[in-house]
Amino acid sequence: MEYRFLMDFERQMADEFLKSIGLELENDVDETLCCFENGQMIGTCSYSKNVIKCFGIKEEYRGEGIASSLITKIQNRMFDKGIYEYFVFTLDKNVQIFKSLGFKEVAQADSVVLLEGGIADINKYLNNMLKQSGVDQTKNRAALVVNCNPFTLGHLYLIERAAMENEEVIVFVVEEDRSAFPTDIRYSLVKKGCSHLKNVVVIKGGRYIISSNTFPSYFLRKKDEKLNVYTKLDATIFGKYIAKVFNINKRYVGTEPYCDVTNEYNKAMLSVLPSYNIEVCLVERLTKDGRPVSASIVRKLLKEGKIDEVKNLVPITTFEFLNTDEGKRIIENIKRRDLPH
Amino acid sequence: MKIVNPAKAGSLESNDIFIMVFPNEKGIEIELESIVIKQFGKKIRKVIEDTLKELEVENVKVIAKDRGALDYTIKARVETAIRRAM
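So the protein sequences, as listed, match chains A and B. Here the first sequence stands for residues 1 to 341, where the numbers follow the working numbering. Here the second sequence stands for residues 342 to 427, where the numbers follow the working numbering.
By construction, these hints were calculated from the structure, which means they are not laboratory data. Here a beta-carbon is modelled for each residue, glycine too, at the ideal position from N, C-alpha and C. Check before you lean on any hint, since a few could be wrong.
[Stated by the list, open to error] In silico lysine-lysine, BS3-like type, Cα no more than 30 Å apart, as pairs:
1) A:LYS124 to B:LYS367
2) A:LYS73 to A:LYS139
3) B:LYS383 to A:LYS49
4) B:LYS343 to A:LYS73
5) A:LYS73 to A:LYS191
[What the hints assert, rightly or not] Just the calculated beta-carbon pair ranges, DEER-fashion:
6) B:ARG424 to A:ASN228: 45 to 51 Å
7) A:LYS328 to B:ILE376: 53 to 59 Å
8) A:LYS328 to B:ASN400: 46 to 52 Å
9) A:GLU60 to B:ILE376: 27 to 33 Å
10) B:GLU374 to A:LYS81: 49 to 55 Å
11) A:ASN199 to B:GLU372: 33 to 39 Å
12) A:LYS300 to B:ILE371: 53 to 59 Å
13) A:ASN76 to B:GLU372: 16 to 22 Å
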């Protein structure tokens, strides 16, 4: 039995192998480790940043400790690269394999489980976030989880509603680096845009607010299952851990009749959060000229060079940023890119 | 001995202990997880502390995940991790 990391041009082999067992190799994988027997691939495991994924072993070779070897070796490699926290999304039938290697279960939704290993510890992480936020844990508060790519009047409207109806509000800005506007910028625009609201605290969401990019779907049979499962898992983690640590009793979400992703999210919130004693408040989105004010419309207008039309859709703080050198660079990027985000 | 880089030793297989060490400013901090923490937690901690003392390490953060390792295994893994961290 031979274990080795694949060279980039060999990735195709791993993808074919995974496909033969009903899985697949995801595009954002950093490295792939494989196990060979007599020159034939019989098992593989990959990682992307700190997430271990695309893990599968040929049926007839299961139960021989190959899984343990693959996972241990890949963690060692990740450690050498300076990654000390490891996350795995897997089907519940594989949970024992990871648990026996020191991973701890974080949450489960349908048949998908999130586990963490290494020095990852969700409770410690969240308590640290709480301390850094300076929020008063003895008080209840309402929460919003937002992407804000960029921060618009639509987002502000939602946050102002929450601020009016609750003593304290906390806004979590999702951290993920696939958006046109980088995390630091998105966060800073939300913070600046809310600075007039004295009872609102804005913080970065941290790694346990899962963006759809972090969530792998290679093990889901139906591709459209991914959204449904990941939003439920995200909601479960929010309800089980984040809401407890930050003392959240309400979550505000905006409706958008034309967006499948938002609807899926809202459905997941509504089905999961009440069981954690969190009230879900659905608020009709702000509309201008009959259309909901959304970040995707703003990006579309920026791509078309219609920056004047953007002025009506964003707070002055966001508009001012768009006119800075950095803002202009981001707009140029949007014009050149062809991505939905 | 002074810890300069993060390092590790051991594995998560049965009867072994997985040790990760990190540079630290706040003296010796040990975080221990063990399948026999209730029966032997204190003893395991002592073996780790004694080994660190022998190696004259004063500042380190040790994360230990024990799966039933005996004393000599714990000592060996701790020493290996420390030496790799220098």
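If you draw a straight line from the CA of LYS343 (chain B) to the CA of LYS73 (chain A), is it 30 Å or shorter?
holds, 27 Å
For the pair LYS328 (chain A) and ILE376 (chain B), does the Cβ-Cβ distance stay inside 53 to 59 Å?
holds, 58 Å
Could you say whether the range 53 to 59 Å given as a hint is met by the Cβ separation of LYS300 (chain A) and ILE371 (chain B)?
holds, 54 Å
Within 30 Å, alpha carbon to alpha carbon, are LYS383 (chain B) and LYS49 (chain A)?
Violated. LYS383 (chain B) to LYS49 (chain A) sits at ~36 Å, over the 30 Å cutoff.
Sort out whether LYS191 (chain A) lies within 30 Å of LYS73 (chain A), counting only the CA atoms.
violated, 42 Å
ASN199 (chain A) versus GLU372 (chain B) beta-carbon gap, inside 33 to 39 Å or not
Since the Cβ atoms of ASN199 (chain A) and GLU372 (chain B) sit about 37 Å apart, the hinted range of 33 to 39 Å holds.
Taking 30 Å as the top limit, are the C-alpha atoms of LYS124 (chain A) and LYS367 (chain B) close enough?
holds, 18 Å
Measure nothing beyond the straight line between the CA atoms of LYS73 (chain A) and LYS139 (chain A); if it is 30 Å or shorter, mark the hint as holding.
Status violated; Cα separation ~45 Å.
Within 16 to 22 Å: is that where the Cβ-Cβ distance between ASN76 (chain A) and GLU372 (chain B) falls?
Given about 20 Å between the Cβ atoms, the range holds.
Distance restraint evaluation - LYS328 (chain A), ASN400 (chain B), Cβ atoms, bounds 46 to 52 Å:
About 47 Å separates the Cβ atoms of LYS328 (chain A) and ASN400 (chain B), which means 46 to 52 Å holds.
That 27 to 33 Å hint for GLU60 (chain A) and ILE376 (chain B) (C-beta), does it hold up?
holds, 31 Å
Is it true that GLU374 (chain B) and LYS81 (chain A) lie within 49 to 55 Å of each other by Cβ?
Since the Cβ atoms of GLU374 (chain B) and LYS81 (chain A) sit about 23 Å apart, the hinted range of 49 to 55 Å is violated.
Violation of the numbered hints given earlier is confined to hints 2, 3, 5 and 10; the remaining hints are satisfied by the structure.
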